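Novice: Spelled out, the chains give:
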Amino acid sequence: MSTTIKIRNLNQYYGKKQALCDVNLTIETGMFGLLGRNGAGKTTLMKVIATLLPVSEGEVSVCGRNVQRAKEIRKMVGYLPQEFSMYPYMTVYEAMDYLGVLSGLNKDMRKQRIPKLLKKVNLQDDKRKKVKALSGGMKRRLGIAQAILHNPRVLIVDEPTAGLDPEERVRFRNLLCEIAEERIVILSTHIVGDIEATCEDIAVLDEGSVIYQGTVTDLISMTEGKVYSAEISKRELEILKKDYIVTSMLTLGNNVMARFLAEEKPFASAKLCEAGVEDAYMYLMHTERGEL
Amino acid sequence: MPVLLQLFIKECKQTARSLIYWAIVLILIFDFTSQLGDMEIDRKPEPGQAEYGMKQCDDPEIIMRSALGQLTEEYYRESYTTYPIGFYKNVTLNEKDDQKIGEILREAAGIASREEAGKVMEEWYSASNTASADRFAAEGITDIEYIADTADITDTENMVNIEDFSGGEGPIYQESLKVEPVKGLTYERFAELMDQVDKILGGGSHYNKEYREHDAEIPMTYEDALEEYNTLIEKDRLTGGYARLFSDYMVIFLGILPVFLSVTRGLRDRRASMQELIYTRRCSSFTIIASRYLAMIVMLTLPVLIISINPLSQCISYAQTAGIKADPFAFVKYIIGWQLPTIMIVTAVGMFLTELTDTAVAVLVQGAWWFITVFAGIGSLDGGAYGWTLVPRHNTEMNWQGFHDGFAQLAANRAVYAGAALLLMAFTAWIYSEKRKGRLQIRGKILANRKNKS
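So the protein lines, in turn, are chains Z and P. Quick note: the first sequence uses this note's numbering, first residue 1, plus one each step. Quick note: the second sequence uses this note's numbering, first residue 1, plus one each step.
Hints may contain errors.
Stated by the list, open to error - Heads up, incomplete: computed chain Z residues facing chain P, CB under 8 angstroms, no partners named: (1) Leu52; (2) Gly193; (3) Ala197; (4) Gly253.
Claimed, not checked - Subject to a maximum C-alpha distance of 30 angstroms in a straight line, what follows is the list of computed DSSO-like cross-link-like pairs (lysine-lysine): (5) Z:Lys16 to P:Lys437; (6) Z:Lys107 to P:Lys13; (7) P:Lys96 to Z:Lys132; (8) Z:Lys116 to P:Lys10; (9) P:Lys119 to P:Lys96.
Stated by the list, open to error - Simulated coverage check for chain Z against chain P, where a stretch passes if three residues somewhere in it have a Cβ under 8 angstroms from a Cβ of chain P: (10) 44-51; (11) 63-75; (12) 78-87; (13) 96-108.
Note that these hints are calculated values from the structure, not bench results. Bear in mind that the values here come from a model prediction, so they are computed numbers and not experimental data. Ideal Cβ positions, reconstructed from N, Cα and C, are used throughout, including at glycine.
Could you build all of it, start to finish, from the sequences and the hints given here?
Specialist: Set out below in structure tokens:
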């Protein structure tokens, strides 16, 4: 059986509002990043793949099975929603054990897998801790552990690093990369840094449509020769913002070191820079809207 | 071990950690101790006792005397007690309707005025008290201590209330006022007149057919009391009668309490933000819902079974000394047959409505149903008339005959509720299954509608 997710001409509606427009994607084994602003349709797409939303129009298959065959899909998919928790009075082990039963794992399998997974997410010393006593980062790691408890071929994680401190975020990204060695991991986020650090293949969603699908390298290459930096005064910065997309700023006394996007060298003091994912993402979003 | 069983065990553990569950257990214990905690097993009646209690009577003469007695009292007080749709209501009439009642009382009992009604009452209770005192004196009890002031004839509750005497043998019920109908009044005409009174009072009064027949009571003789006692011993083996009485008290609270547990369970996943983690598991919706339902049923039945050990042991202890062969499984049988269907349906209503709406609306719905049922059951407290009520009443260890006569109806009643409960569970599982697939999100629609309106 192939380990591929195929999405063909997918349209999703919430009442009259269209949340996804004619989405076509093919996702292979490894980390796959789904990038887009809040409300772009990322969560809707993930919920469709996780069988939490019915397909309005189009076709979605996971490892060769249509998502409408929910029971079969649920065996293959692990899901970590953006907003989640577990029964607060349960211990970490009890929560895993409960979800393990729901995943159809027998007692021996649970006894074998739960300690391993807790070790993998560095929660082995907290297994007797109540869920309500866990920090945000610990809860996220527990979330990942529960999502891969039944060893799914597809793991879907929605905005997993939101609210995590930088150290937790790095640890979490590394964990996802480890997991992705043998399965599809779809990482949905609006944080470009998460994608840059973990994914090679990505798709960018905007207002329900896929505006880019390809590698991160290709996305960056679209912006090559279009990223400049210049040290300018704060007054000049306001003028610069009107004409160009400023992607970052660094205050240097009375001046500002601005990084911005331009099709051609705008003025003599502007220096051409190496493009990053964030620059490429901003370029893409603004090109789509015809702002460049 | 099958998944259903594994989940069932986990759900039982979850229930045991629930504060609501322990609150329910405490209420059930309180219910038992306040109603049956100081339960005294009926002793064999002895000849020459002062009282043997009262019994219902279907003699038209007695029905007429009882109803006219009640009407005389209420007419005198200018205040009538009714239970329209089961709820208590005090009715005070306008001058026109008051005159109509006066005319009916004159035609039926020959009482021409309110003053005459008061006189009839005073004479009755005075004679009744004297007769009671004489009966007690015959038993050597002379220091009768009245709790109520029977001199105040405007307070019917006092006049017919329980009196106590220092012998400590228990309460003595004074016979309520009886008034003779006028000569020549046929039962048919009496029924017509009482129906008119009921209509004037807005229905649900003591004068409608059901109430006036229920209210007709006469004092039991020694032979009556002995026959009832023998029935309790022979037919019910003592335990059967007390198991029914136990069921009567417990089922009142079991008609409402389980809904709190099932609503709390239904909302727990959402409150814990755990819905999507569970929805995406491979376990079938039926297994999830059935395990939760079974766990709640078992955990709610368990305290009832444990509490029943107390009255059972009292019965068995008395039975051993009196040489009666008690049935040690009587309480279990009645709990399963009588109380379990109520637990099942109330829990199912809670789960169904909670799953459908993701709100606690089931508490309101069940609360209303329970309230109406309990008050509507006031007319059939002594058992026998079980109908289709959620809370079948049988507020006596006696009346085996009533139980026997109404058994087929009771069995049908319980079977229908148990069946309806299972059907609701099947619906709940279907709703749950649809929600897992993103359909039937009624809560989302309600919230969206509210937002649109605001």
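Novice: Against each hint, give a clear statement of whether it holds in the structure.
Specialist: Against the structure, the hints come out as follows:
Taking 8 angstroms as the C-beta contact cut-off toward chain P, the hint placing Leu52 (chain Z) at the interface holds, the least distance being around 5 angstroms. Given hint, Gly193 (chain Z) at the interface with chain P, is violated; its Cβ is 26 angstroms from that chain's nearest Cβ, farther than 8 angstroms. The interface hint given for Ala197 (chain Z) is violated, since its Cβ lies 26 angstroms from the closest Cβ of chain P, which is over the 8 angstroms cut-off. A cut of 8 angstroms between beta carbons decides the hint on Gly253 (chain Z): the least distance to chain P is about 47 angstroms, and the hint is violated.
Distance restraint check for Lys16 (chain Z) and Lys437 (chain P): the Cα-Cα separation of roughly 19 angstroms lies within the 30 angstroms cut-off, and the hinted pair is therefore satisfied. For the hint linking Lys107 (chain Z) to Lys13 (chain P), the alpha-carbon distance of about 17 angstroms falls within 30 angstroms, and the restraint holds. Annotation: proposed proximity of Lys96 (chain P) to Lys132 (chain Z) is violated, straight-line Cα distance about 69 angstroms (limit 30 angstroms). At most 30 angstroms may separate the alpha-carbon atoms for a hinted pair to count; Lys116 (chain Z) and Lys10 (chain P) meet this at roughly 22 angstroms.
For the hint linking Lys119 (chain P) to Lys96 (chain P), the alpha-carbon distance of about 23 angstroms falls within 30 angstroms, and the restraint holds. Given a C-beta distance limit of less than 8 angstroms, the hint that chain P covers the region 44-51 of chain Z holds, as 3 residues qualify and 3 suffice. For a cut-off of 8 angstroms, the count of residues in the region 63-75 of chain Z with a CB near a CB of chain P stands at 4, and the three-residue condition holds. With 8 residues having a Cβ less than 8 angstroms from any Cβ of chain P, the region 78-87 of chain Z passes the three-residue criterion, so the hint holds.
For the region 96-108 of chain Z, the proposed coverage by chain P is satisfied: 9 residues have a C-beta within less than 8 angstroms of a C-beta in that chain, meeting the threshold of three.
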